[in-house]
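Participant: Here is how the chains run, residue by residue.
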Amino acid sequence: MTRFVLARLAGLVGVLVVLVAVVFVIQSVVPNDPARTIAGRSASPAAVERVRHELGLDQSLPAQFGHYVGRLAQGDLADSVSTRRPVADDLREAVPASLELLFCAALLCMLLSLAGGILTALPGARSGALRGGMIVAASIPPFCLAVLSLLFLYDRVGWFPGAGRVGPDTVAPDGPTGSVLLDSLLHADPAVFLDGLHHVALPALCLAVGPAMLIARTLRSALLVTLASDYARTARAKGLTETQVLVRHGVRNALGAPLTIGGLQVGAMLAQIAVVETVFAWPGLGQYTTRAISAQDFPAIAGITLVTGVVFVIANALVDVAQVAADPRLRPN
Amino acid sequence: MHQHLLRRMLIAALAIVACAALAACGSSKDSASKTTDTSAPAADVAPSADDTLRVAYTADPAGGVDPSTFYDIEGQSVILSVYEGLATYAPDSSEIEPLLAESWETSADGTTYTFKLRDGVTFHDGGKLDAQVVKDSLQRSIDLEGGPSYMLADVAKMTVVDPLTLKIELKQRNNAFLSYLASMYGPKIVSPVALKAHPGKKGADWFQTNAAGSGPFQLDSYKRGRDFRMSRFADYWGDEPYFAKIVISIIPDVSSQRLQLQSGDLDLITHGVPVAELETITRDGQLQVVHYPAALRQRVSLNTSKAPFDDIKNRQAFVAALDIPGAVTATYGDYAKPATSQYPGVMGVDAPVTAPEAGDAPDLGKLTMTYPSSEPDSKRLTEFMQQSLQAAGFDVTLRGATVNEAFAIASAPEKAPEVWLGTPNPDSADPYTWAQPAWASAGGLNVYATPDKKVDTLVEQANQAEDPAEAADLYAQIGAHLNEQAASVPVDDLDDVFVAAKDLTGFQHVPVYVWTPNLARLARQP
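From first to last, the protein sequence lines stand for chains E and Z.
Per this note's numbering, the first sequence runs over residues 11 to 343.
Per this note's numbering, the second sequence runs over residues 2 to 527.
The set of hints was computed from the structure by calculation and includes no laboratory data.
There's no promise every hint is true.
What the hints assert, rightly or not - No farther apart than 20 Å at their CA atoms in a straight line, the calculated lysine to any residue pairs in the SDA-like style are these:
#1 Z:Lys203 - E:Gly185
#2 Z:Lys224 - E:Ala98
#3 Z:Lys224 - E:Gly185
#4 Z:Lys224 - E:Arg95
#5 Z:Lys224 - E:Asp99
#6 Z:Lys202 - E:Arg60
Model, not experiment: these values are computed from the prediction.
Could you build all of it, start to finish, from the sequences and the hints given here?
Facilitator: This is the structure we're talking about:
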């Protein structure tokens, strides 16, 4: 088992090195000149060359790559061309914002999918109408949903704010976690907590709706099977109410497939987060990524690639390890 | 049974909605439309005790808000609200007027400037302005070697004559020097108290997200990705602004900005609203569009480093087929003026644009024309140009490109597209700040790094000419030369377009301070 874990870790390092190498190759192919961008358009050629030398861009590509990997080993992700500060500092600010949004979206997704799956599993005309509504909701791309929700829920009826993590009159605490909701609770500031909740609600809803509808439909299918099963019939015969049958036997036994789909949908939410963060001016990793790409800020792109690559590879590695730990038959001989 | 369950579900749903409503308590939105008279100047409106001006940026300023290294456009309204330099431009003009320097004298040979400083100026942290402080600030700009440091490259010596007099001696005459001091990127004076409190790296880290200037507003906080918060400086030496506070939110999507403006959560958008939407905005009467001529010069550059535009005849034939006035009018309407001078209109240089004579279009093969990918109106402009070019027999394909790509072209122009549309702006209103970067061989805005020894010679002669008439003539000669070469084609001067709440008044604008109305002069009509 230990050898298996070490092998996975070694694989992780290899994958990250390949990821960074790919970013470097792309950087060399795409026309851009960060030295001129930083030095300024009216800088003298000598000034531009000085900046180019400081950035190491006058070295060969393999030398630049080696230098970058060396800095990476010390936790240095280089400096962003756009923000002119360490990429690590930028990510330290952006990642908690995205995690907060993702967490709230996942929570909303769970609530919506449970409600949708249970309600549509119940017989009646209402469940049919609800199923139709869910299909419509699942069909709207998150970008459209974000813009439509801003138009109606913010602009027309004013139920939600339109941008940012807190209102202009709210001063959010400066840490320690970077999450407005958590930090306001830690600082015992309920007003900031409620304002933060109010601001995260709409972007989280836009991220959650599509995946929630998919999970709800899966839950519904599983519920229909479990509610028609022999043990459910036996439970009814023993005098349990329908609610008790649903909760004790139906939902608990039907959660397997929805949970699996739910895990995958979190990844789907991550893919959509850039669009939602841009529309709602949410200063998270998605917005940082969008700007880095449009500015051809390759140090930032490399840093983002590394962070998301690490998260993805570690998550997969943990799943592999958990599977092997749970089922000895999967262990390599 | 099922109805009982449904009832429980409904109660749970209502409870969730009630929680959302509780979280929404306290938020208020004024959705009532306002019809106000916006003609009253800000000076007639008494300063407010607590009114907040809300503005939007599309991105954080690159590199933060250190005035000694700041060289972006987004963020300029913070810099100009918080910091001041020795000089500035008068509104709607290219006239330089005093700011922290009350007056100045220039030696006959143009190499020595003696500045008399304003007395009684206090910085936000209590520091006091004097000649040593100015000298230290300018030296800081030189030492940090940021983008705008080139403006002080000719400074040979700075001498504190007395506490309110600073003498600056240049290595050589530089007719653009005063305009650099008035430029929005020009050297700004920072507080000595802050410099002393943050000595490491000359305070570069601290000044990225903090400020200590002498301007009408002080920076209370800057949270990257969120907002800038400024408040009125009680001890400002000049006119007291109307607004007590300013909040500039970072909202990357212009559509979101517009929704916020329509909902009353924003007061001002300074750029980025497509021209096609401006008509809708003014039609419903809820908002106002205020626009001014600006030094935003769009131009087309042709790649002279490779075929077909290494041949001047091909360039002239191509330029002759460009229907620039038609494309500009169709795209921008009243919000741009077709270029009539080789120089941006604000510079007032008499260097008329003359188009080559139209003739048969040679077969130049497939040509690629790029436009700034972040500017939807520029894309429309190139589409109109494409139509006229294709009608003349040229095969032109369009594609978007970034500013960074423009900077990269100079190192390998033979690999670059044949035609490049850009929207650069000069650093100041002096013609040298356009001619040198745009056309000199080593100019930073010379997209294809087209070598031109004639321009190199003429532009430096003009910048060092003692007689203004001689300088004007030299700049005109450069313009005539460019007409012949047909490699750099002026298209138009874009207006700065501000979309604002209907009750916002007191707009003031300097043409070379692009995207930047004077926030200290704005007021809300009572």
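Participant: Now look at each hint and say whether the structure bears it out.
Facilitator: Against the structure, the hints come out as follows:
1. A hinted pair counts as satisfied when its Cα atoms are at most 20 Å apart, and Lys203 of chain Z with Gly185 of chain E does not qualify at roughly 27 Å.
2. Between Lys224 of chain Z and Ala98 of chain E the alpha-carbon distance is near 16 Å, which keeps this suggested pair within the 20 Å criterion.
3. As the CA atoms of Lys224 of chain Z and Gly185 of chain E are separated by approximately 12 Å, the hinted pair is consistent with the 20 Å bound.
4. Restraint check for Lys224 of chain Z and Arg95 of chain E: satisfied, since their Cα atoms lie roughly 14 Å apart, inside the 20 Å limit.
5. Proximity of Lys224 of chain Z to Asp99 of chain E is assessed by CA-CA distance (about 13 Å); at most 20 Å being required, the pair is judged to hold.
6. Annotation: proposed proximity of Lys202 of chain Z to Arg60 of chain E holds, straight-line Cα distance about 18 Å (limit 20 Å).
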